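> In case you want the letters, here they are:
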Amino acid sequence: MIGKPLRRVEDLPLLLGTGRFAADISLPGQAHLRVVRSPVPHGMLRGVDGRKALSMPGVIGVWSAADLDLGPIGFRMVAFPGMLPYRQPVLAAERVRYVGEPVAIVLADDPYRAEDAADLVELDIESLPPVLDQLQEPAQFDDQNDTEALLHEDGYGDVGAAFAAAPHVVELTVTVGRHTGVPLECRGALADYRPGAGTLDFYGAAKVPHQNRLLLAGLLGLPPQLVVLREAHVGGGFGVRGEVYPEDVLVCWASRLLGRPVKWIEDRNEHLLAANHSRDQVHRIRAAVLADGYITAIDDEFWLDQGAYVRTHAAAVPTLTASMLPGPYQIPAYRVRGHVRLTNKTPAGTYRAPGRYEGTFARERLIDAVASSLGKPAMEIRLSNFISPDQMPYARPMSALGTDLEYDSGDYALLVGKAQARFGLAELEHGLAARRALGEAVGMGCAFFVEKSGLGPYEAVRISVDQSGHIDIITGAGSMGQGFETVITQICAQELGVRPETIRVLHGQTDQIEHAMGAFASRLTVMAGSATLIAAQALREKALAAAARMLEASPRDLELSDGAVRVAGDPDTGISLAQISEALRPDQAARWGLEPSLTADGWHTTDHMCYPYGLHIAVVRVDAGTGQVIAERLLVAYDVGRAVNPMLVEGQIVGGAAQGLGGALLEEFRYDDAGHPQCTTFMDYLLPTRAEMPPVDVLITEDAPSPRNPLGVKGAGEGGTTAMGAAIAAAIDAALGVPLGVKELPVHPEAALRLAKAARRESTSEPGGA
Amino acid sequence: MRQNVLRPGLLVDINDLPLNRVEDLPEGGLRIGALARMSDVAQAAGVVQRFPVISQALLLGASAQLRNMASMGGNLCQRVRCSYFRDATSPCNKRDPGSGCAALDGFNRGHAILGTSDKCIATHPSDVAVALVAMDAVVHTRGPADDRAIPIEEFFLLPGDTPEREHPLEHGELIVAIEVPATPTARLSIYLKFRDRESYEFALVSVAAAVRIQDGAIADVRLALGGVGTKPWRARRAEASLVGKLAGEASFAEAAGQELAAAKPRPLNAFKVELAQRAIIRALMTLTNGDTR
Numbered sequence: 134m135i136g137k138p139l140r141r142v143e144d145l146p147l148l149l150g151t152g153r154f155a156a157d158i159s160l161p162g163q164a165h166l167r168v169v170r171s172p173v174p175h176g177m178l179r180g181v182d183g184r185k186a187l188s189m190p191g192v193i194g195v196w197s198a199a200d201l202d203l204g205p206i207g208f209r210m211v212a213f214p215g216m217l218p219y220r221q222p223v224l225a226a227e228r229v230r231y232v233g234e235p236v237a238i239v240l241a242d243d244p245y246r247a248e249d250a251a252d253l254v255e256l257d258i259e260s261l262p263p264v265l266d267q268l269q270e271p272a273q274f275d276d277q278n279d280t281e282a283l284l285h286e287d288g289y290g291d292v293g294a295a296f297a298a299a300p301h302v303v304e305l306t307v308t309v310g311r312h313t314g315v316p317l318e319c320r321g322a323l324a325d326y327r328p329g330a331g332t333l334d335f336y337g338a339a340k341v342p343h344q345n346r347l348l349l350a351g352l353l354g355l356p357p358q359l360v361v362l363r364e365a366h367v368g369g370g371f372g373v374r375g376e377v378y379p380e381d382v383l384v385c386w387a388s389r390l391l392g393r394p395v396k397w398i399e400d401r402n403e404h405l406l407a408a409n410h411s412r413d414q415v416h417r418i419r420a421a422v423l424a425d426g427y428i429t430a431i432d433d434e435f436w437l438d439q440g441a442y443v444r445t446h447a448a449a450v451p452t453l454t455a456s457m458l459p460g461p462y463q464i465p466a467y468r469v470r471g472h473v474r475l476t477n478k479t480p481a482g483t484y485r486a487p488g489r490y491e492g493t494f495a496r497e498r499l500i501d502a503v504a505s506s507l508g509k510p511a512m513e514i515r516l517s518n519f520i521s522p523d524q525m526p527y528a529r530p531m532s533a534l535g536t537d538l539e540y541d542s543g544d545y546a547l548l549v550g551k552a553q554a555r556f557g558l559a560e561l562e563h564g565l566a567a568r569r570a571l572g573e574a575v576g577m578g579c580a581f582f583v584e585k586s587g588l589g590p591y592e593a594v595r596i597s598v599d600q601s602g603h604i605d606i607i608t609g610a611g612s613m614g615q616g617f618e619t620v621i622t623q624i625c626a627q628e629l630g631v632r633p634e635t636i637r638v639l640h641g642q643t644d645q646i647e648h649a650m651g652a653f654a655s656r657l658t659v660m661a662g663s664a665t666l667i668a669a670q671a672l673r674e675k676a677l678a679a680a681a682r683m684l685e686a687s688p689r690d691l692e693l694s695d696g697a698v699r700v701a702g703d704p705d706t707g708i709s710l711a712q713i714s715e716a717l718r719p720d721q722a723a724r725w726g727l728e729p730s731l732t733a734d735g736w737h738t739t740d741h742m743c744y745p746y747g748l749h750i751a752v753v754r755v756d757a758g759t760g761q762v763i764a765e766r767l768l769v770a771y772d773v774g775r776a777v778n779p780m781l782v783e784g785q786i787v788g789g790a791a792q793g794l795g796g797a798l799l800e801e802f803r804y805d806d807a808g809h810p811q812c813t814t815f816m817d818y819l820l821p822t823r824a825e826m827p828p829v830d831v832l833i834t835e836d837a838p839s840p841r842n843p844l845g846v847k848g849a850g851e852g853g854t855t856a857m858g859a860a861i862a863a864a865i866d867a868a869l870g871v872p873l874g875v876k877e878l879p880v881h882p883e884a885a886l887r888l889a890k891a892a893r894r895e896s897t898s899e900p901g902g903a
Numbered sequence: 043m044r045q046n047v048l049r050p051g052l053l054v055d056i057n058d059l060p061l062n063r064v065e066d067l068p069e070g071g072l073r074i075g076a077l078a079r080m081s082d083v084a085q086a087a088g089v090v091q092r093f094p095v096i097s098q099a100l101l102l103g104a105s106a107q108l109r110n111m112a113s114m115g116g117n118l119c120q121r122v123r124c125s126y127f128r129d130a131t132s133p134c135n136k137r138d139p140g141s142g143c144a145a146l147d148g149f150n151r152g153h154a155i156l157g158t159s160d161k162c163i164a165t166h167p168s169d170v171a172v173a174l175v176a177m178d179a180v181v182h183t184r185g186p187a188d189d190r191a192i193p194i195e196e197f198f199l200l201p202g203d204t205p206e207r208e209h210p211l212e213h214g215e216l217i218v219a220i221e222v223p224a225t226p227t228a229r230l231s232i233y234l235k236f237r238d239r240e241s242y243e244f245a246l247v248s249v250a251a252a253v254r255i256q257d258g259a260i261a262d263v264r265l266a267l268g269g270v271g272t273k274p275w276r277a278r279r280a281e282a283s284l285v286g287k288l289a290g291e292a293s294f295a296e297a298a299g300q301e302l303a304a305a306k307p308r309p310l311n312a313f314k315v316e317l318a319q320r321a322i323i324r325a326l327m328t329l330t331n332g333d334t335r
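Residue numbers (the working numbering), protein chains in the order written: chain A, 134 to 903; chain E, 43 to 335.
Bound conformation, chain E alone (with noise of 0.2 angstroms):
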């Protein structure tokens, strides 16, 4: 709004709706109310001893004063991290539809890689999104008809054709609260985030990974990136080649040459096709101390 991006004619100021708890469910998942500060978030214990990615996401996202402020849901509902998009005057499909793309051709140094369209290829910024993508976490929304219950990789939206629509949530409809089921994995997870600066300040690759070892290999791996997709992209096909194999970087450098296959660069964001490759494998190593048994 700042910015002339946005014009509302209405502000309704949801602050004071009681959605700002942080639960410990019953069989150890979480329960984040939609106005939980990201600072509130990052603190509560069954967060930082449960799931350790989602702290981590948290504490390296924004600043110290917005994290305070910015709420979990409105974290989900950010608008993308986009130059042209932020300057009114620039053509873009998802601020004016049909206008063009004026970063296709532009400085796109921090655009996406991942689920691009010829219409859009603004980065999805958020840092927590990316963990609670690889937690499977669900978005519960209220509406004036019902409640639903969106599986996050489904609350995303890839730009395709209609970059404007962003998430499925309808006219009325609120976000009330993310849930993040229980799993045993989370517990050996991390968010590993490369960015030209150390704080305030968005990922050029980031990484959600967590895993579980069993006998050596590997039982059960998430893996999520931020700062190369046009949403929190989840690293399906990394994952795929990952389970049943030994852990150790031959195995990690094949699961992430297989994910950034599809990778569509542009000159000058090219360059996170490899960084996006490196970071999966150092998160992997660094959580299994690079050991292979």
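The following block holds chain A by itself, in its conformation from the complex (with noise of 0.2 angstroms):
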């Protein structure tokens, strides 16, 4: 059952149409609530007049920051206290920082009503400057403090030693734009106070809901046990979906207020102005490096653009980005400054592979200009760099989002070479310059990366199997559509050893099970899946054991499999699942001196995160009259250290490769100088459809199963995204004959046909040039 593509478990329902999404939940007597949300990208905010918005039809109410007592959202991921004065209020009180910023709430009968009353809120905003660069010098935020949130500085080695005594230096500045995940469904909420009783359930939760729990029953002041949070399913979380946000806030705030429901649903224009923005950093990198390629130390200076406020995220983004940035190699010195800087665009958050995606594009654009520099080519520069098999377990003295950063497991090497070897690169390579001697721009760019996977600290998983013997799998952590539920289980399954229609999983509802994580850092089928196996193993020792009572043998004698306790060498006597879990009502198990119910428990804990790695290949062609970026192929080898279901693992990875490439290519939230945004709509930020998306060669290996789990599991989550950028940037430069062309994504065909012309005149200027 491991390692097979079973068929998504999870699809029926969704094929059926009878899938349950947050806008699909109603309650009866809700209201229904609009954000009035600020159009000035920073200012004073003198007042706000419901007046007129209280005077249409069907409108409760209208509240702003004067009418709340909530403070404002905390952190959920590795904070520094000094990051405390930026977290975001519930609503902006004095000060607008971005447009789209809650600025009141309008809850009416009937959501058209509540939209329309909204604009009719009227805010008096005396404007400001705003401030759109992350680059220039910090200014102020309020009285105390300044718009760089963090410093945040981290290293190892003796970097200046390293640079002083270096025969070459290679140095240059990168740039990532602003993009981010953008699921197909909004985000949405519908919040259900019920007084006298004094509990709130909460629909729409995604990704944490038991963190958002002790997050949102913190700021009620409600004891976390009343609050109940209900994740339905979810159309796609990428990171963006699934945080606390003011929203979220505002709907417990209100139903509490009404003692009615209130539901709130996100439209598009909306979640572009008011989910996370993400990326948006510059890297000032350099490398000390030897004569032969080896490079001895790496000094990275970054700026990373955070939007308006510090959200849940904290410091997760710049942490990440500078502790993973050195990837797969050895780095004997390493430093590293990176400023979180605060401007007035919509605040920044994790997206699929933060701080990596950024991290390898700005150290595999430095490996391609060390090879440059060096005239060699740059796989052997990442060859001679590798971090060894024989090197592994490979600490290097820095922690990543709270753990001490070791890597498991690995050959990086053998994957170069299995890539290689399986998508004929250097016959592929051949063909391109065959087809570059006819005078096509068509070129290959590789870049290689470490993925981080398996965040600790737990997970825990519940089995129960029912009269029928029908098994539940009860897990805290969410689903956002990845086909968790399908590994999970295929995990069971085997373990049990019993059909997959058998079992059912239940996640992301608060009341069901005491702690969970969740679903983020592609940590679920390394924690989840670790504590299904632990807690199926639980449940076959229970099986046994009441089996061995109702056979009279010993559990030695006793052997589990397809879904029936049979004694061994005896196929006549199986007594199925379903007849132990009748067996074992309260007074029979009494009397046998066992816990009733055919159920248990399982945890996975672990202080260390999982290391997968992979190699990211594209093959682009540039249209030299346009400027036109077309990607022809897209090649993908990772490492997972054990597939579940490798038709998932597949499904990740080229669903992350096509946002990787829009990256790459077209997403950019772009404001004008006065601040204003201008990519609002899916007019304006372009996500890649079918069209721009080439076919995914997919190699899955499992070379390196991770030591730090018992199926030897590493994440897939993001492992097509990370080093999409880079490669595609590299292919860019090959197919345009321009070392180092591209050094800012995404590359718009403005800048490719720049590069292109740059290219013509240095091959004209050349004596003896073709």
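No wet-lab data here; the hints were simulated from the structure. A portion of the hints provided could be inaccurate.
In silico contact screen, one side only, chain E against chain A (beta carbon under 10 angstroms); selected entries [to be verified]:
1. Arg-123
2. Ser-132
3. Asp-147
4. Gly-148
5. Gly-152
6. Arg-237
7. Ser-241
8. Glu-243
9. Leu-246
10. Val-247
11. Arg-320
Predicted model only: the values in this text are computed from it and were never measured. Note that CB positions come from ideal geometry on N, CA and C, so glycine has one too.
Reassemble the complex: the two chains are provided individually, in unrelated frames, and hints are given to aid placement.
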């Protein structure tokens, strides 16, 4: 069962149209909330006048910050105390800091009336000049603080000595633009506070319901057990969906105020203004290089445009950027300084491969620069700097997401060799060279990366078998559509020897299980998968113990297969899990000295992450007339330790690659000089479509299983994205014959055209050039 | 309306009017009902066979879902592509005459370089209108007083000092049909569209081109540009330069250069000047198979 491409068990309701997404859920008597948002990027909020809105039919009320008694939204991840002043208030009180910032709410008996009324709320805002560039010197944020929310410094080794001794120093500045995950389902929330009972039910949770329950209960001053978060179907997450945003708090607050359910459903325009942006980093990076290409030190300084506030992810992105930047290479000395700077743009958070997409772009462009300055092939530079298998586990004296950075396993050169053979890279390059000779601008680019996955510290699973033999697996971890239920089903089905159809996976309901972390950081197969295995093993032991009583045999002589317990070697003695569940009623279990019910809990805890790794290869053609970059092929080789379901791993990689390509060529949140967002619809924020997305060849290897979990798995959620920007950039360089041409993502046609022209000038001015 | 750019007091649903037919006219022209859906027109046999440029322009516009819903008359009357026009909080002479134009010094990568004024530089967004302009279509209207036939080039107004006025329709006047006159030139025609993404995306530059070659020389040529003009832009200068010349890259390049000489680019959209010239050359080269005889 493990290792098989089992079809997704969660698809049937979706195919039948019986899926329930946030907007599908309604409760009797619900009111509808609409957020009034700031139309200016920066200003002092002098007044909010809701009188006109209140006169509209169906309007229940208008509220602004003055009516709220709520603190700012706290941090969920890696936080430094110095970042606390930059938390986002639920509603802007004195100052608005970005276009789209919540300023007031309107509640009405109908969503359309709420929206119409919200347009009539008058805001008196005295505009201030906006800050729009993370490279400009820090400006004033408030009376006590400037706009540099964090200067994150980390590193190890003697960087100064390495540079002083280095025969070559290679330096460059690179930029990754502002883009983010754009789930097809926008956000949504329905809060139901019951006066009297004092309970709050929240529908529309995603990603991290248990963590968000603590945040919301804390903000509202309610005991966490009286707050129940419920995950419905989720139409994509990508890091963006499922964090606690102002709107989530506002529906809860309003429901408690009104004593009736309150619903908010985000539209796309709001989503592009209000949900987390991401990326937007400038790196100035340099390497100390020996004559043979060995890199003795990297020194990186980067500037991250955090937008207007520091949200729930706190320092997760800058610290991950810093710690994961050295990637697959030894790098004996390393220094990094990351400036997290606030601007008057939508706040930023994590997006699939956060910090790694940016850091990998910087590092792999640096590798290409080293190769170019030494006149060696880039892959040779990579191979001579790789951490070797005999150095594993490899500790880099830094921390990542609060864990010690220690790579668990890996054979990077082996993966390169396998990819070269499987994809026929030599022949491919030969063919591209022939096309270039005929005048086509085609080229191939590579980038290698290390991912991280399976973040702890824990995940829990409870398995129970009912009297019919049906199995429920309960976990607090979430499903955003990635195939989580299928993977968990496979692991349980294998361990218990049962058919997948008998298993149901329940997830993301905070009242079903006490503890959970959630769905992020490519962690679920590692964490919840391992917990499932451990719980299934415990359940097997319990089934054997009960069956031993029923068969009057020793548990040692029993085996569990095909959903039944038998005496080894005696196929006629089988008793089913259903019969065992029936037998384990409380009175009989007590007589046997066993706990009642055929249930078992399993925990997986860990202090360390796992580190999968991969190679991305892009083949692109540049239209010399228009500058359009056409990706012809994408190739991904990825070692996941062990693939529970190779089909789902491949699906993750292909989807991730599309998002990586989007960030490399199309997707960008642009702001004009006045701070107004220019990409607030899908007309202006360009997602790649089927037409831009070439076929992706995927090679999944299992050469470096993780020793850190009983399955040997590593996460697969982000490795399709991580190095795609770096690979496409290198491919464009190769197509145009301009080493280190691409230093900025996304590569717009204008930029490609400029490079093409530069290449032509170069070749015509070169004596003897053809 | 969704973005509060327009707040009409009264909306009239005209979808039940019997204006959705696509007819072949006896002498080889077309009469397209104002309510004919973009997808139906794109697939009509007479359009595909005799006016490939119109079919291609339709199929390269909008998305499949929008093409199934959007009418031809509505397409001609669609408002401009300008983020400031659609952002009700920015000054915009088109939305709020006299308030100023935020695009002049704003983010104007997508804006027009031809037919601009110091009041407005918004680009006309339609694809099919570019093809119709190249084909000398006529817009038929019905008003309270009488029926009118408006040559399509006159149907689109330059912004000048009154960017709020985009077409000459009077109060109570409706488009009923679009007629496309027969021309043998249309059979060899093409719509070429360059954009940031291959589907559901506006043109950075587009070209509607048709050409008829006689004895190696250009006997008739039609050229119109999209994505670069404040209205669908008939490239009359380029056409005049080409007639009588030998078909070939040199004459195409010269004509393209003459048309774009009048361009008024801004820093962010300056690339369109060159892109438009290359697009014209490529369209004509494609039509003539690069064949100069």
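> Go through the hint on Ser-241(E) and say holds or violated, using the shortest Cβ distance to chain A against 10 angstroms.
With Cβ-Cβ at 5 angstroms, under 10 angstroms, it holds.
> Does Glu-243(E) pass the interface hint, meaning its C-beta sits closer than 10 angstroms to a C-beta of chain A?
Holds, about 7 angstroms.
> Can you verify the interface hint for Leu-246(E): is its Cβ closer than 10 angstroms to any Cβ in chain A?
holds, 8 angstroms
> Have a go at the Arg-237(E) hint: is there a Cβ in chain A nearer than 10 angstroms to its own Cβ?
holds, 9 angstroms
> Under 10 angstroms, Cβ to Cβ, is where Arg-320(E) needs to be relative to chain A, so tell me if that hint holds or is violated.
holds, 5 angstroms
> Quick one, is the Arg-123(E) hint okay against chain A at 10 angstroms, beta carbons?
Interface hint status for Arg-123(E): holds (8 angstroms vs cutoff 10 angstroms).
> Double-check Gly-152(E) for me: the hint is only fine if its C-beta lies closer than 10 angstroms to a C-beta in chain A.
holds, 8 angstroms
> Checking hints one by one. Is Asp-147(E) an interface residue toward chain A, by the C-beta closer than 10 angstroms rule?
Since the shortest Cβ distance to chain A is 7 angstroms, the answer is holds.
> May I ask you to test the interface hint for Val-247(E) with respect to chain A, counting a Cβ-Cβ separation under 10 angstroms as satisfied?
Holds: closest Cβ of chain A sits about 8 angstroms from Val-247(E), inside 10 angstroms.
> Next item in the hint list is Ser-132(E). Is there a CB on chain A closer than 10 angstroms to its CB?
Since chain A brings a Cβ to about 7 angstroms from Ser-132(E), closer than 10 angstroms, the hint holds.
> With chain A as the partner, please determine if Gly-148(E) meets the hint condition of a C-beta pair closer than 10 angstroms.
holds, 5 angstroms
Checked against the numbered hints given earlier, this structure breaks none of them.
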